[in-house]
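Residue numbers (the working numbering), protein chains in the order written: chain P, 63 to 184; chain B, 63 to 184; chain Y, 63 to 184; chain A, 63 to 184; chain W, 63 to 184; chain X, 63 to 184; chain D, 63 to 184; chain U, 63 to 184; chain E, 63 to 184; chain C, 63 to 184.
Derived by calculation from the structure, the hints in this document are not laboratory data. Predicted model only: the values in this text are computed from it and were never measured. Built from N, CA and C at the ideal position, the CB exists for glycine as well. There may be inaccurate statements among the hints.
[Stated by the list, open to error] Per label pair, the in silico range of CB-to-CB distance:
no., chain 1, residue 1, chain 2, residue 2, range
1, P, 65, B, 78, 17 to 23 Å
2, E, 65, U, 77, 55 to 61 Å
3, X, 73, B, 103, 53 to 59 Å
4, D, 121, P, 179, 40 to 46 Å
5, A, 178, X, 103, 56 to 62 Å
6, Y, 150, B, 94, 54 to 60 Å
7, D, 150, E, 113, 33 to 39 Å
8, U, 178, C, 78, 30 to 36 Å
9, D, 150, C, 175, 51 to 57 Å
10, A, 129, U, 178, 56 to 62 Å
11, C, 143, D, 87, 53 to 59 Å
What follows is each chain in one-letter form.
10 protein chains.
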Amino acid sequence: MPDPKLLECFPAPSDTPFIIEHVNEEFTSTCPKTGHPDFGRIILRYQPAKVCVELKSLKLYHQSFRNEGIFYEAVTNRMRDDLAVAMKPAWMQVITEWKGRGGIHSRITATSGPVPPEWARG
Amino acid sequence: MPDPKLLECFPAPSDTPFIIEHVNEEFTSTCPKTGHPDFGRIILRYQPAKVCVELKSLKLYHQSFRNEGIFYEAVTNRMRDDLAVAMKPAWMQVITEWKGRGGIHSRITATSGPVPPEWARG
Amino acid sequence: MPDPKLLECFPAPSDTPFIIEHVNEEFTSTCPKTGHPDFGRIILRYQPAKVCVELKSLKLYHQSFRNEGIFYEAVTNRMRDDLAVAMKPAWMQVITEWKGRGGIHSRITATSGPVPPEWARG
Amino acid sequence: MPDPKLLECFPAPSDTPFIIEHVNEEFTSTCPKTGHPDFGRIILRYQPAKVCVELKSLKLYHQSFRNEGIFYEAVTNRMRDDLAVAMKPAWMQVITEWKGRGGIHSRITATSGPVPPEWARG
Amino acid sequence: MPDPKLLECFPAPSDTPFIIEHVNEEFTSTCPKTGHPDFGRIILRYQPAKVCVELKSLKLYHQSFRNEGIFYEAVTNRMRDDLAVAMKPAWMQVITEWKGRGGIHSRITATSGPVPPEWARG
Amino acid sequence: MPDPKLLECFPAPSDTPFIIEHVNEEFTSTCPKTGHPDFGRIILRYQPAKVCVELKSLKLYHQSFRNEGIFYEAVTNRMRDDLAVAMKPAWMQVITEWKGRGGIHSRITATSGPVPPEWARG
Amino acid sequence: MPDPKLLECFPAPSDTPFIIEHVNEEFTSTCPKTGHPDFGRIILRYQPAKVCVELKSLKLYHQSFRNEGIFYEAVTNRMRDDLAVAMKPAWMQVITEWKGRGGIHSRITATSGPVPPEWARG
Amino acid sequence: MPDPKLLECFPAPSDTPFIIEHVNEEFTSTCPKTGHPDFGRIILRYQPAKVCVELKSLKLYHQSFRNEGIFYEAVTNRMRDDLAVAMKPAWMQVITEWKGRGGIHSRITATSGPVPPEWARG
Amino acid sequence: MPDPKLLECFPAPSDTPFIIEHVNEEFTSTCPKTGHPDFGRIILRYQPAKVCVELKSLKLYHQSFRNEGIFYEAVTNRMRDDLAVAMKPAWMQVITEWKGRGGIHSRITATSGPVPPEWARG
Amino acid sequence: MPDPKLLECFPAPSDTPFIIEHVNEEFTSTCPKTGHPDFGRIILRYQPAKVCVELKSLKLYHQSFRNEGIFYEAVTNRMRDDLAVAMKPAWMQVITEWKGRGGIHSRITATSGPVPPEWARG
């Protein structure tokens, strides 16, 4: 079950703005309608304010979706919301890219705060 | 027969604007003039307002075109219209890309609402 | 002989502006100077006003150039003119790309109406 | 010897502005310092005013450089000048790309008239 | 242990602004949580003010991270800070790209001073 | 020893502005610290004012660096300076791209005069 | 838990030898040492004797490994054994390709019966 | 210091011959002459007899070379020998591929037992 | 001047046959006819008997050709002979690949001892 | 006019058999029927007996075909014959690859002596 308490943060090592991108190529959850597994790729891109998410805790948080029946759109917004609460970043993008199911592949983009224009297409 | 009643929606999981893209690599309808099958790829890209289209229902809706004799242009606009009625999205693009027939391949783009400039070429 | 009467149109399935692209990978005409065949690729891109060109009729229209001795530039402008008369589109691009003849390959771009900037290079 | 009299023009088939691109992959001239052959690729891109250059005559004009000892820069500007005299185009780009000689390969771009910004890098 | 005293600078060979980019494909440090090695690529891009960093000293400085337990974010900001102190450049970007750990690969971008817009995405 | 007297110029064959690019894939100098050879690629891009540099003389000038112990940054600025003195171009870019040494590869960009925006990233 | 009873077979539609290949790009199990998920690709290639495995049942069988803690080598041999019992094929190859874990990616090949030489490398 | 005691084995899950390949993209040791780090890729390919090497223990064994000054050839043969002692495989290949040092990249192949001909080039 | 005394050998770390490949991407010598530099790539592949060539000494040996006027064929055979004397390998291949000069690029292969058939084309 | 007297040979630098390959990317002759230029690529591969052809003399020999009207097949066999007379190699392949003329591109292979099987396809 998606568990935001797994997310651990540490103080950003600098006050100067900088950008962090984590790409998880190995994400899986399950479809709430059919119970079949979904496979995808998760991109997290953000400018920290005070804290950064610790990478291993992010991985464990992602793994907590493994057996959850949940829609793509909900995964994406849930991650955006959980990470926004945990980190309160200057801005953030969560992009989920899903491998085909029945021939359809999908990409969902949720954001928080003012994303700079050079990242507009994700 | 294309059947918009197959489309099911669910409440958008967030009020914060986000973007959804579904790409169906396996679409088929039939040519109204020759009766031969057409094969194509359907791209749906939108920012939801209140609701999102459920993916399996989208697939079934796409499958309802299978034995319909219908022009490329009509497929594209019909989908845009049916989805606009069903979802009333903030904006939407429907792009259909058709494999060659007699050496000619085609791409049709229909939109609804104000598409952001970074998506102008589809 | 290029025969614009082959072009058949049908009412655009929507009043909302949309964009159509047809790419014919298998076009042939003949060189008016040498009588040798020319081979090329024809791109038609347009926003319909009231009507769309029917795809099979477009193919037959293209085929009517097969034994015509005609320059690249004339093919391109003739198509633009014939299609402009037949469809009166909001805007249109006709691009012809010609395989090499004596080591020279060519690309001709003719337009009608205000082509949006994202298509400026064709 | 480069012979601009080989260039033949024909009336542009339309008054509506259009763009023509001819790419000759098989150009050769000779180095005026060493007498060795140079090999290159010639790109001619222009918007005709009243006339277009006929393609076979362009090929013969290119072939007339075959045994001429002439620098890359002079080839490029000479072609631009000869074609500008012959065609008086609305605008024109002549780009020559030269295979390596002693490990150095080169690219020269000469223009005539106002080249649109989308072609600024050639 | 990361050792900024390893960084040696030499006077910039010109007062005219110029841009320097060094890409280290072979960087390694260790994870402070697991002790496992991390592998990455470091991009340093800057416009010097008075001095440039000497390349071999940069390599030795990078090597001083080899057995340090340090987070990705800290590596990136530490390098930016150490180099900013050592060189006081007109502007600088430090980008670290990290190979996958548990399926997640990362990219961190820290900057100093006004980075020109053409480098905005790194 | 780098010898700018090797550079020979000839009058630009046209007063109309044009652009010249010479790319030397086979450059070598030596490292002033270790004595080991460095290998790189030199890009010279410029708009001539009155004169152009003759290609063979440019090659010989490049070869004069063969056994010189000199830093990357100095090679780049030296070439920019020597060529600026010899040609006084309207604008000029000298870009040097260096193969890896100890896993680090580099790229240095020096300019003279107002480089047009389409060449801003080199 | 891997469940071979999920495998369903149907009579081979021909006595003439033929070859079947199923590639599952979306396989996941878990590591028995760390509990972390493993992600991989499963290739099944065989010549049926009397029966073929039904594709959906194969998918469900693969999914039954989802939460099993099991080594790569055991997955591969277990699948080979379960399928050999279920189908008694003329020959069979099971190849598992595993995404990196700590920088190491793996490929395991298990066979049953005489694999023809053209498939010797898998 | 390379430590073969880190290698742990487990019983091969089948008596039927099968092939295992582990590729470590992130290997580093140090040069015994210069002390500089070396970076490489290690391929282990073998047919087990009674036991297989456990993957995490292989990773730790590889990591034990991190600060060892050792030649490429010695790394390769040492691994082959340590693994042959630990596993006594039916046959084995150890291939090390090393990133460039001073422009030279290397590949060393050591084997144990009769490698099948389809793997002869590694 | 090519100096085989630069070659240093060390005892092969194993009696079991193994194969070593060193590829130098950055070789340069000079043409004995024109004095211009030649650039190439040197592949050394061998099975050691008692000794291996030490990598840094091989690099210095290669560098000793830097200012030598010598034909491609002589470079290749000289290296084969010098290395055969120094190492007395079980078998050896020296392959030199030369960048274009006047449009011609070359590849020379010299061998010593019985090269296995899988390496017959180099 | 093709002139075999341009071919100069020098003694093979070794009695041990070795293989030489020269690839000329910039060959041109003319078509005897139309007078138009032909462009191609010439591959010469041989094992010398007593002598090797000197590279610059080979280039001049190739250049002597520049204005000769001669068929592809005749170019190939003439080169094979001229080089066989000049060098009496152990074996030799001459392969000519011709760019398209009227859409047809060609490849001609002529040999002398016993070509080893690994080069049988050229």
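> So which of the earlier hints does this model not fit?
Replying inline: Violated: hints 5, 6 and 7.
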